[in-house]
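Undergrad: Next come the chains, spelled out residue by residue.
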Amino acid sequence: MASLLHPSQTSNPYNLKPGEVSSGTTIMAVPFKGGVVLGADSRVSTGTYVANRASDKIAQLTENIFCCRSGSAADTQALTDYVKFYLQQWEVESGRPATVKVAAHLMRKICYQNKDNLSAGVIVAGWDPVSKGQVYNIPLGGTCIEMKCAIGGSGSTYIYGLTDALYKENMGKQETLDFVKKSISHAMARDGSSGGIIRTCVVTEDGVEREYIPGNKLPYGP
Amino acid sequence: MASSGSGYDLSPTTFSPDGRIFQVEYASKSVASSGTLIGLKCSDGIVLACEKLLANKMLVPGSNKRINTVSKTSGCAFTGFVSDGRQIVNRAREEASSYLDTYGIPVPPSVLADRLAHYVHYFTLHGALRPFGASMVLGCYEEDMDEASLYMVEPSGQVFKYFGCAAGKGRQGAKTEIEKLDLSTLTVAQGVKEAARIVTMLRDDGKDKPMELEISTVAAENNYVHKPCEKSVIAEAEKWAKEQIEEEEDMEEDED
Amino acid sequence: MSTLSFSLDPTAAQTTPSQRTQYPIVTGTSVVGLKYKGGVMLAADTLCSYGSMAKYKDARRIRTVGTNTIIGASGEYSDFQSIMDTLEGHTQDDVNYDDGHKSDAKSIHSYLRAIMYQRRSKMNPLWNDLVIAGSGFLGYVDKIGTTYEDDFIATGFGSYLAIPILRSKWRPDLTEGEARALLEDCLRVLFYRDCRALNRIQIAKVAEGETGVVSEPYELETNWEGAGFESTKGGMEGDGGW
Numbered sequence: 001m002a003s004l005l006h007p008s009q010t011s012n013p014y015n016l017k018p019g020e021v022s023s024g025t026t027i028m029a030v031p032f033k034g035g036v037v038l039g040a041d042s043r044v045s046t047g048t049y050v051a052n053r054a055s056d057k058i059a060q061l062t063e064n065i066f067c068c069r070s071g072s073a074a075d076t077q078a079l080t081d082y083v084k085f086y087l088q089q090w091e092v093e094s095g096r097p098a099t100v101k102v103a104a105h106l107m108r109k110i111c112y113q114n115k116d117n118l119s120a121g122v123i124v125a126g127w128d129p130v131s132k133g134q135v136y137n138i139p140l141g142g143t144c145i146e147m148k149c150a151i152g153g154s155g156s157t158y159i160y161g162l163t164d165a166l167y168k169e170n171m172g173k174q175e176t177l178d179f180v181k182k183s184i185s186h187a188m189a190r191d192g193s194s195g196g197i198i199r200t201c202v203v204t205e206d207g208v209e210r211e212y213i214p215g216n217k218l219p220y221g222p
Numbered sequence: 001m002a003s004s005g006s007g008y009d010l011s012p013t014t015f016s017p018d019g020r021i022f023q024v025e026y027a028s029k030s031v032a033s034s035g036t037l038i039g040l041k042c043s044d045g046i047v048l049a050c051e052k053l054l055a056n057k058m059l060v061p062g063s064n065k066r067i068n069t070v071s072k073t074s075g076c077a078f079t080g081f082v083s084d085g086r087q088i089v090n091r092a093r094e095e096a097s098s099y100l101d102t103y104g105i106p107v108p109p110s111v112l113a114d115r116l117a118h119y120v121h122y123f124t125l126h127g128a129l130r131p132f133g134a135s136m137v138l139g140c141y142e143e144d145m146d147e148a149s150l151y152m153v154e155p156s157g158q159v160f161k162y163f164g165c166a167a168g169k170g171r172q173g174a175k176t177e178i179e180k181l182d183l184s185t186l187t188v189a190q191g192v193k194e195a196a197r198i199v200t201m202l203r204d205d206g207k208d209k210p211m212e213l214e215i216s217t218v219a220a221e222n223n224y225v226h227k228p229c230e231k232s233v234i235a236e237a238e239k240w241a242k243e244q245i246e247e248e249e250d251m252e253e254d255e256d
Numbered sequence: 001m002s003t004l005s006f007s008l009d010p011t012a013a014q015t016t017p018s019q020r021t022q023y024p025i026v027t028g029t030s031v032v033g034l035k036y037k038g039g040v041m042l043a044a045d046t047l048c049s050y051g052s053m054a055k056y057k058d059a060r061r062i063r064t065v066g067t068n069t070i071i072g073a074s075g076e077y078s079d080f081q082s083i084m085d086t087l088e089g090h091t092q093d094d095v096n097y098d099d100g101h102k103s104d105a106k107s108i109h110s111y112l113r114a115i116m117y118q119r120r121s122k123m124n125p126l127w128n129d130l131v132i133a134g135s136g137f138l139g140y141v142d143k144i145g146t147t148y149e150d151d152f153i154a155t156g157f158g159s160y161l162a163i164p165i166l167r168s169k170w171r172p173d174l175t176e177g178e179a180r181a182l183l184e185d186c187l188r189v190l191f192y193r194d195c196r197a198l199n200r201i202q203i204a205k206v207a208e209g210e211t212g213v214v215s216e217p218y219e220l221e222t223n224w225e226g227a228g229f230e231s232t233k234g235g236m237e238g239d240g241g242w
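So the sequences go chain by chain: Z, D and G.
Counting in the UniProt record's numbering, the first sequence tops out at residue 222, every number present.
Counting in the UniProt record's numbering, the second sequence tops out at residue 256, every number present.
Counting in the UniProt record's numbering, the third sequence tops out at residue 242, every number present.
Please note: incorrect hints may appear among the correct ones.
With a Cα cut of at most 30 Å, we get these calculated BS3-like pairs of lysine-lysine [as the list claims (entries may be wrong)]: (1) D:Lys-29 x D:Lys-193; (2) G:Lys-57 x Z:Lys-33; (3) Z:Lys-148 x G:Lys-106; (4) Z:Lys-132 x Z:Lys-181; (5) D:Lys-175 x D:Lys-209; (6) G:Lys-143 x D:Lys-231; (7) G:Lys-57 x Z:Lys-132; (8) G:Lys-106 x Z:Lys-173; (9) G:Lys-57 x Z:Lys-182; (10) Z:Lys-181 x Z:Lys-84; (11) Z:Lys-182 x Z:Lys-217; (12) D:Lys-227 x G:Lys-169; (13) Z:Lys-181 x G:Lys-106; (14) Z:Lys-115 x G:Lys-122; (15) Z:Lys-173 x Z:Lys-217; (16) G:Lys-169 x G:Lys-143; (17) D:Lys-231 x D:Lys-161; (18) D:Lys-57 x D:Lys-161; (19) Z:Lys-115 x G:Lys-169; (20) Z:Lys-168 x G:Lys-57; (21) Z:Lys-173 x Z:Lys-148; (22) G:Lys-122 x G:Lys-169; (23) Z:Lys-115 x G:Lys-143; (24) Z:Lys-132 x D:Lys-161; (25) G:Lys-122 x D:Lys-227.
Chain D is nowhere near these chain G residues, computed Cβ spacing over 12 Å in every case [claimed, not checked]: (26) Thr-46; (27) Val-95; (28) Asp-98; (29) Gly-100; (30) Lys-106; (31) Lys-122; (32) Phe-137; (33) Phe-191; (34) Tyr-192; (35) Arg-196; (36) Gln-202; (37) Val-214; (38) Pro-217; (39) Gly-226.
Keep in mind that the hints were calculated from the coordinates and are not lab data.
Just so you know, even glycine gets a beta-carbon here, dropped at the ideal spot from N, CA and C.
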């Protein structure tokens, strides 16, 4: 039976079923002048057991659009698979790369229409020639809001203050990347359901750069 | 048999021995004998213009429209069988609204044109169906590409992208006239007048046959929203057109 | 009832109750609206909360429908987005028909009543309380399809905190400036006393014979001075410590 409490007030915010694998997570995406940075921790847990300590929560939707997943691993995998498929169709019909806006809209549509059966909170981010770097946040109910700095997953609640304080307008690529890494490190340090390594992804006009920071080299602290 | 084609014109499912589909050709014929329709891609948008021949003087002006809005920034004009044309307009509207619903952006003109062509073409493939006796010109703007474009879908299901196009009775003359225009500098405001001139000039000799001129634009000055022109704008364009035509005729007489 | 976890009885599945959305996730708080001399005005803040977290601080909760109707929404933001998509579809249909007809605020209000009531009857409500404003019209619809029209309307916390203010200050001959000041007063009180409110707001109006406009968000001036702030007990006897 679903809880009557708001998901943000329960210890099981995504209403996971017993044994369901969750990416009780920290995810983040921030656009900058020439593109967008996405970041995520790598811990996947079932209850308190770490089912995977090196997972990749940044899914690729198209060449230049990515998606950070949080909530049920099964749901978000299915979701990204669908959106990937629809975007491929879109690109074939239109004969050009899909835009982040279209990707976010498709994701929102599926999340909204199936809200009673899904436990998924995702961030869609990427770069396209029409609107450059963009980030859209799609939380549990299927709301879709464009953001200048989006964080998500259980770990994000520990770093709202940090990201509000550290975020600046007009950051460059390296500065944005450092901001993302630092923020996620602090979430991982305080959230039991986040941990492992940090994976990042930078999308610009020139392409995609992915990197990871090992769990013993996190930029935690002042 | 009299010609190699006779007997092969009863269904669009069968080719004639020399590779033609007569039903589709007949459909095109019905378009070729109806009101002139032209589309212009101007420097700052699209102009659609259509000559509506009135079968009856008792018709209420503005009824039986040939130019219709499909979505915020796209409009279409058709000529041929009006009821067939309306069917294509309905389809265009369905495509546009369902695309907006699924993808959250307006349908790109190329996609809309392609989908309509598929729809029209489908009716040339089945024994139980009859091809559409109407040609449709689409004028659309796409914000993502910042481009206004012009397409024409024909009864065969063919579709092409144009700088200027024409269909209906006066199409040949219209094409020649359109080719004389400098579409790279012509503005929509001028285009409306030129369109009125071309359509008026190509009317049959029986000039007092009742007709109504319909014009619409997808223009930068309206944020590329598709708008049927006001009656006053059309009246003004028609007046200008008639003056131009008379001037030309006078000049020709002088030359004689 | 059998204690088996699954059974071959084909009707078994239907005996388990299913539950749908039945609470909101991302929510907006109050919307306040009033009529004034020569128009109708709405106001709302730009916050969307995630439970008690102030998550989205730039969520526009007042939007225009067509040219001369404005709608303000409290409640689930995804449902509001979906409602607006539907209404924009209808607006385009009106344009397409090209017969000169446009849906006005009154008919949109009535349409939304039908939709809200239908959804609640399917036990799957759209979780919003809406205020609809248009030329000479101000109406309310809630998540179960209740409607009313009035000279001033407030949803959510506003019905406790803004309505008393409006009852004492509202006049039918309010000027546009006075109307705006009164709405700002209401939202200021809501900011002080509603934990889900913000002092970043938008004002929207439909003036007689004009098209609807929604302002860009702006910040409300607030006041944190006075005896009660400077000394905790406000200079009075007794325990003001809470």
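Undergrad: Next step is simple, just say for each hint if it's right about the structure.
TA: Here is what the structure says about each hint:
1. D:Lys-29 x D:Lys-193: 28 Å, holds
2. G:Lys-57 x Z:Lys-33: Given that 30 Å is the threshold and the Cα spacing comes to 22 Å, the pair holds.
3. Z:Lys-148 x G:Lys-106: Given pair Lys-148 of chain Z, Lys-106 of chain G is violated - Cα atoms ~37 Å apart, limit 30 Å.
4. Z:Lys-132 x Z:Lys-181: Measuring from Cα to Cα gives roughly 22 Å; hence the hint holds.
5. D:Lys-175 x D:Lys-209: 23 Å, holds
6. G:Lys-143 x D:Lys-231: 45 Å, violated
7. G:Lys-57 x Z:Lys-132: 23 Å, holds
8. G:Lys-106 x Z:Lys-173: With Cα atoms ~51 Å apart, Lys-106 of chain G and Lys-173 of chain Z exceed 30 Å; violated.
9. G:Lys-57 x Z:Lys-182: 23 Å, holds
10. Z:Lys-181 x Z:Lys-84: The hint holds at about 27 Å.
11. Z:Lys-182 x Z:Lys-217: Holds. Lys-182 of chain Z to Lys-217 of chain Z sits at ~11 Å (cutoff 30 Å).
12. D:Lys-227 x G:Lys-169: Between Lys-227 of chain D and Lys-169 of chain G the Cα gap is close to 45 Å, so the pair fails against 30 Å, i.e. violated.
13. Z:Lys-181 x G:Lys-106: Judged against 30 Å, a Cα distance of about 52 Å means the pair is violated.
14. Z:Lys-115 x G:Lys-122: 16 Å, holds
15. Z:Lys-173 x Z:Lys-217: The hint holds at about 21 Å.
16. G:Lys-169 x G:Lys-143: 29 Å, holds
17. D:Lys-231 x D:Lys-161: 29 Å, holds
18. D:Lys-57 x D:Lys-161: Not satisfied, since the Cα-Cα distance of roughly 36 Å exceeds 30 Å.
19. Z:Lys-115 x G:Lys-169: Not OK: Lys-115 of chain Z and Lys-169 of chain G at ~43 Å, beyond 30 Å, violated.
20. Z:Lys-168 x G:Lys-57: 16 Å, holds
21. Z:Lys-173 x Z:Lys-148: At roughly 14 Å apart (the allowed maximum being 30 Å), Lys-148 of chain Z and Lys-173 of chain Z satisfy the hint.
22. G:Lys-122 x G:Lys-169: 40 Å, violated
23. Z:Lys-115 x G:Lys-143: 18 Å, holds
24. Z:Lys-132 x D:Lys-161: 28 Å, holds
25. G:Lys-122 x D:Lys-227: The hint is violated at about 40 Å.
26. Thr-46: 22 Å, holds
27. Val-95: Non-interface label fails for Val-95 of chain G: nearest chain D Cβ at 6 Å, not farther than 12 Å.
28. Asp-98: Non-interface label on Asp-98 of chain G violated, nearest chain D Cβ at 6 Å vs cutoff 12 Å.
29. Gly-100: 10 Å, violated
30. Lys-106: Non-interface label stands for Lys-106 of chain G: nearest chain D Cβ at 24 Å, farther than 12 Å.
31. Lys-122: 21 Å, holds
32. Phe-137: 25 Å, holds
33. Phe-191: Given that every Cβ of chain D is farther than 12 Å from that of Phe-191 of chain G, nearest at about 33 Å, it holds.
34. Tyr-192: 38 Å, holds
35. Arg-196: 28 Å, holds
36. Gln-202: Holds, because the least Cβ-Cβ distance between Gln-202 of chain G and chain D comes to about 23 Å, which exceeds 12 Å.
37. Val-214: 18 Å, holds
38. Pro-217: Nearest chain D Cβ is 23 Å from Pro-217 of chain G, so the label holds.
39. Gly-226: 49 Å, holds
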